[in-house]
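*Asks:* Listed below are the residues making up each chain.
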Amino acid sequence: MNFSIYDFTEFIRSIHFWLTGIFSPALADVIGLAIIGVCFLLFVTLLGLSLVYIERKVAAFFQQRLGPMRVGFWGTAQTVADIIKLIFKEPLVTKNSDKFLFNLAAFIVLIAPFMVIGAVPFAKGLHALDFDIGLFYITAVSSIGVTGILLAGWSSNNKYSLIGAMRSGAQIVSYELSVVLSLLTIVVLTGSLRLSEIIASQSDGWWIFKGNIPAIIAFIIFIVASTAESNRGPFDLAEAESELTAGFHTEYSGIRFAFFFLAEYVNFFIIAAVGATVFFGGWMPLHIGNIEFFNNAMDVIPPVIWFFGKVAALLFLIMWFKWTFPRLRIDQLLTLEWKYLLPISIVNILLMSLVALNGWHL
Amino acid sequence: MEQIIFYILVSGILIFSVLTVTSRRILRAAVFLLFMLLCSAGLFFMLDFYFLAAVQLTVYAGGIIVLIIFSIMLTSQVNEKLEAAGVKKSSFSLIAAAAGAVVCIYSILNYSFPAVSNGETDSSMKNIGMQLLSYKDNGYVLPFEVISILLLASMVGAIIIAKRDSAK
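So the protein sequences, as listed, match chains A and B.
Residue 16 in this note's numbering sits at position 16 of the first sequence, and the numbers go up by one each step.
Residue 90 in this note's numbering sits at position 90 of the second sequence, and the numbers go up by one each step.
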């Protein structure tokens, strides 16, 4: 097996050959699918655990506290302890609620992130689903998640949950438009929705640098709109603690509550990953035009590290928003989207078409 | 392998469609409809029609179902159960469903299904985009524009209805 940290294509292929050598083709396919599934499950779990820890630490440092410190070195085992506690807790169901939908909602919110994360390119060759419609697939599938939130709020038989669900439903549906339009602005330049081609088109510089002013506007709109779409602060009105206790997941406890939490953090990661892929070149190292020695020096750092580095930077940026800006009101939130972000992104996409037609980008 | 997935998806479609019609809680019916639509998107994925599959997901699963759930949330309560349909209603709908099934099965059995080469059905994103805006033979620019005018008209209508409410 020839393993290389720079290109996983050969490694994945050799695993495939190894499997087909031992088992029959059909069985090898099933086993391959199972391995990929287990890998993603493990990845998502680890991601959830570490992101919760990082978020708590970042929040603490912004507020000049230390955050979790007691469990493990610098509190690193805190989230593991939390999840063990959540698993052993009793999953309560409210009286007179629709129990079937109540239980189902916690799973529906997890469907969307799991379907999307397969399409995220982690490194060269480390990419489970590379569709022709990659970016469209990601936006299409992530629109399913809102159903789970609405169902959770409705089936809880609790007015706070219902209001929280309505708010977050309205918020997700409206901000989705701006997210998609800002991503399409870059697609105007790439000419393809396939994620591997979007990354390949950035081999001589990332779109945020190459794409002139419209790319920067698109990135700002993307980061604002996707923060709002994932119901994170300062747009976290859906779970505004002081008004709505916890919004749509007020009535959930134990492991089902953990599902909502996990879905939220995986969505958070996906936003950063999509943003990094489209605007910052995904796993593509920082290349500047045709300056050979610089590009070669940058290539020494493995693509996986580039990808996770960019994702981490974007995650930190979004966390920074959460702990800096005060929460918006619901009317301010909807005004921001419908009166400002949406018109700006439509004009911006026209501007980008003009730039692309005249070849003003690099 | 393909066949196993196909049968799983098809049985999903059948079971969830029956459940959608028979469920007496309206929101459950909407959720079963969502699963039915997801299964049919899976069928499109199996056929390598990724664009259609993604459209199915984004328009039906992400748009229409959310709209249905929103309207149910605003109008009904958790414990509300629909009354079971009477004999007259259910017998009429049975006849209508049977007639539809007969027409479909008859036309499927009588169609010869000529083999199509891969080149003719180029369903790549680029080709679809070109076809949608092409004004040559087999181009779809006229329906595309007509539909966009229809959408614009309905959006203007929605805004006017919403405005009239707030003025009172």
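If you're looking for bench data, these hints aren't it; they were derived computationally from the structure.
Any given hint could turn out to be false.
Straight-line Cα separation of at most 25 Å, PhoX-like style, residue types lysine-lysine; simulated pairs [said to hold, decoys possible]:
#, chain 1, residue 1, chain 2, residue 2
1, A, K210, B, K126
2, A, K57, A, K85
3, A, K95, A, K159
4, A, K99, B, K81
5, A, K322, A, K339
6, B, K163, A, K339
7, A, K57, A, K322
8, B, K126, B, K136
9, A, K159, A, K99
10, A, K95, B, K81
11, A, K89, A, K99
12, A, K85, A, K99
13, B, K81, A, K159
Now the in silico label distances, taken between C-beta atoms and shown as ranges [unchecked claim]:
#, chain 1, residue 1, chain 2, residue 2, range
14, B, A99, A, D7, 55 to 61 Å
15, B, A99, A, K89, 51 to 57 Å
16, B, V87, A, C39, 50 to 56 Å
17, B, I15, A, F11, 38 to 44 Å
18, B, A99, A, F88, 55 to 61 Å
19, B, I15, A, L362, 49 to 55 Å
20, A, S203, B, A115, 36 to 42 Å
21, B, Q131, A, F11, 37 to 43 Å
22, A, C39, B, I95, 49 to 55 Å
23, A, L362, B, L74, 32 to 38 Å
Even glycine gets a Cβ: it sits at the ideal position worked out from N, Cα and C.
*Asks:* Against each hint, give a clear statement of whether it holds in the structure.
*Replies:* Tested hints:
{"no.": "1", "hint": "A:K210 with B:K126", "result": "holds, 23 Å"}
{"no.": "2", "hint": "A:K57 with A:K85", "result": "holds, 20 Å"}
{"no.": "3", "hint": "A:K95 with A:K159", "result": "holds, 14 Å"}
{"no.": "4", "hint": "A:K99 with B:K81", "result": "holds, 14 Å"}
{"no.": "5", "hint": "A:K322 with A:K339", "result": "holds, 23 Å"}
{"no.": "6", "hint": "B:K163 with A:K339", "result": "holds, 15 Å"}
{"no.": "7", "hint": "A:K57 with A:K322", "result": "holds, 13 Å"}
{"no.": "8", "hint": "B:K126 with B:K136", "result": "holds, 16 Å"}
{"no.": "9", "hint": "A:K159 with A:K99", "result": "holds, 17 Å"}
{"no.": "10", "hint": "A:K95 with B:K81", "result": "holds, 16 Å"}
{"no.": "11", "hint": "A:K89 with A:K99", "result": "holds, 18 Å"}
{"no.": "12", "hint": "A:K85 with A:K99", "result": "holds, 23 Å"}
{"no.": "13", "hint": "B:K81 with A:K159", "result": "holds, 20 Å"}
{"no.": "14", "hint": "B:A99 with A:D7: 55 to 61 Å", "result": "holds, 59 Å"}
{"no.": "15", "hint": "B:A99 with A:K89: 51 to 57 Å", "result": "holds, 54 Å"}
{"no.": "16", "hint": "B:V87 with A:C39: 50 to 56 Å", "result": "holds, 55 Å"}
{"no.": "17", "hint": "B:I15 with A:F11: 38 to 44 Å", "result": "holds, 40 Å"}
{"no.": "18", "hint": "B:A99 with A:F88: 55 to 61 Å", "result": "holds, 56 Å"}
{"no.": "19", "hint": "B:I15 with A:L362: 49 to 55 Å", "result": "holds, 54 Å"}
{"no.": "20", "hint": "A:S203 with B:A115: 36 to 42 Å", "result": "holds, 40 Å"}
{"no.": "21", "hint": "B:Q131 with A:F11: 37 to 43 Å", "result": "holds, 39 Å"}
{"no.": "22", "hint": "A:C39 with B:I95: 49 to 55 Å", "result": "holds, 52 Å"}
{"no.": "23", "hint": "A:L362 with B:L74: 32 to 38 Å", "result": "violated, 50 Å"}
In this structure, only the earlier hint numbered 23 is contradicted, and the remaining ones agree with it.
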